[in-house]
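Whenever a hint applies, use it, and build me the whole structure from the sequences.
Chains A and B, in that order, give the protein sequences.
Take the first sequence: its letter number 174 is residue 174 in my numbering, and every next letter is one higher.
Take the second sequence: its letter number 275 is residue 275 in my numbering, and every next letter is one higher.
Treat the hints as calculated values from the structure; they're not laboratory data.
Only true hints are included.
DSSO-like cross-link-like pairs, simulated, lysine-lysine; straight-line CA separation at most 30 Å:
1) Lys60/A - Lys233/B
2) Lys233/B - Lys146/A
3) Lys60/A - Lys95/A
4) Lys95/A - Lys233/B
5) Lys120/A - Lys233/B
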Amino acid sequence: MSVGVHIPTNMLYLDNVTVSFDGFKALNALSLVVAPGELRAIIGPNGAGKTTMMDVITGKLRPDSGTVFFRDSIDLTQFDEADVANLGIGRKFQKPTVIESLTVEQNLDLAMAGNRGVFKTLFFKQSTEQYERISEIVSLIGLIEKRSDIAGSLSHGQKQWLEIGMLIIQEPELLLVDEPAAGMTDQETELTAQLLKDISGERSVVVVEHDMEFIKALDCHVTVLHEGHQLAEGSLAHVQQDERVIEVYLGR
Amino acid sequence: MNITQGHWWRSDRGGQWLITVIAVVTVMVPVLNLVVPEDSVFHLSTYAVSLLGKYLCYALLALAVDLIWGYAGILSLGHGAFFALGGYAIGMYMMRQIGERGVYGNADLPDFMVFLNWSELPWYWLGFDNFSFALLMVLVAPAILAFVFGWLAFRSRVTGVYFSIISQALTYALMLAFFRNDMGFGGNNGLTDFKDLLGYSLQLDSTKNALFVCSGLALIGGYILCRYVVSSKLGRVLVSIRDAESRTRFVGYRVEHYKLFVFVLSAMLAGIAGALYVPQVGIINPGEFSPINSIEIIIWVAVGGRGYLFGAVIGAVLVNYGKTYFTGAFPEIWLFFLGGLFVVSTLFLPQGVVGLVKKRTIKRQGDGHAKKEALPETDGHTSSKEVSS
Chain A
1 MSVGVHIPTN MLYLDNVTVS FDGFKALNAL SLVVAPGELR AIIGPNGAGK
51 TTMMDVITGK LRPDSGTVFF RDSIDLTQFD EADVANLGIG RKFQKPTVIE
101 SLTVEQNLDL AMAGNRGVFK TLFFKQSTEQ YERISEIVSL IGLIEKRSDI
151 AGSLSHGQKQ WLEIGMLIIQ EPELLLVDEP AAGMTDQETE LTAQLLKDIS
201 GERSVVVVEH DMEFIKALDC HVTVLHEGHQ LAEGSLAHVQ QDERVIEVYL
251 GR
Chain B
1 MNITQGHWWR SDRGGQWLIT VIAVVTVMVP VLNLVVPEDS VFHLSTYAVS
51 LLGKYLCYAL LALAVDLIWG YAGILSLGHG AFFALGGYAI GMYMMRQIGE
101 RGVYGNADLP DFMVFLNWSE LPWYWLGFDN FSFALLMVLV APAILAFVFG
151 WLAFRSRVTG VYFSIISQAL TYALMLAFFR NDMGFGGNNG LTDFKDLLGY
201 SLQLDSTKNA LFVCSGLALI GGYILCRYVV SSKLGRVLVS IRDAESRTRF
251 VGYRVEHYKL FVFVLSAMLA GIAGALYVPQ VGIINPGEFS PINSIEIIIW
301 VAVGGRGYLF GAVIGAVLVN YGKTYFTGAF PEIWLFFLGG LFVVSTLFLP
351 QGVVGLVKKR TIKRQGDGHA KKEALPETDG HTSSKEVSS
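Here is the structure:
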């Protein structure tokens, strides 16, 4: 993969990014910088542009204007979803999307970093290292006993974890995680926050979330989005005292 | 080493059973026809040999469709086109084999060209007097069409019902084109009056049996190939595309390349099926491109069990046996029966006959250990669950 020795100054750099749909500006001159190894939470009311921002970063949408750089110099607007994934950006969707008719192990095997070419996968043989790598991940996400089970038979929380496991085994340098705690029990939420904290550091993690308890548990820098641009940034305590933030979001 | 569903071949019980049956049939049918004396009750008529041979070709075609529909979620309603192209390729060779024995006695031109007052063979007929070249074209012609069509469609992310509609339009357009006399493929009469193949007369029982054996071997080979593909990691990428296409993209797979690969492979299998079919029925005409033929293939697969390779084979044989019986006994109700079959299998047998048998087996065993094995390879839903984002 693209894991270089060189550590970039910025893992992700968005400057002045604008995306409009029929005149409606989903992103309005948005700027955002994420450092290597950083864990960043993004909050904002519905329609603030969180998902659009992820779509732009992962190559699903082209911005009307603005620049999007990954690892200082890679212009992400030039690539599509598969390219962006192979550059080292993983994305987890709000709704858990694991491949339900495959087993936990097969899901992880599919996501594991490696050659994505058609003929390479046709003649693919799993190596011992790869088998052990999957073992590490299933134990990390607490699914050791479910390893050979069909993913469709997992509980909602377990599917969320499997998907996080698929992200980790993909070995991205940047993870984009959309509402990982949605539909989880309190205990699961806590474990998920811990898991995300553990995996940041080695890589950058951007979490979009509504749940304030969860954000508190993440204990990291928070960016508040509103109407497609950045309203405030800083620690959770800091943004919670910001007048504008209280007005549009927290004080509802 | 540790692919979870075990060895790709050893774990496929249904496939082993199916291959055994086909192998036995492939050996026994020629024995019953050629060795057993005609007055014995065990004698099989030559008509039956060709009929069974036809079923085997249909089964190979159904296998090709199940590979893309059952595993990659690509519902092609134009797969008959690739079957027909394979048939035309071998038909052109057999036309050239006729030589001076045609009605007009022209060694270089097939009868219909003489009839149209053509003075020389069109360029695209060149080479078809050579059997190896014709065999190559059986694979290459469907592959090129599938590649170009698939490349355009998959690159533009045409999926679901839109893909089905344009694939149907493709085969319809080809049918209209092949109906035209100046296309140089015999117009609405197609290619027929074949005399021999590789110098062996098509009228001989031995030739018919040889064609039957070839069909059986092709089906076995096709099955093993498809089983290998769907059991590989590539097969799991296909399932992933079927169930969550955009998710697969975000994992980093080039969905369009995978779809194109399996679509071209499927088209080539369909071409082989067509090439084996035409010598056994003795004619190929533009009717083979008719959209209804392509839809029938879908019914075979749905009845047998989409997403189970051996289900496609069983479905093709069952439905075609039904067709032979009904068109003989009650010709006027055959189409109603076919339509009814599709409705019934969609409503009550979402996983086809194979799914039904599997469900029964679980019920009888009724305990936990059966659960894992009995879980179907597919979820049986026709729509792919897309990621909302």
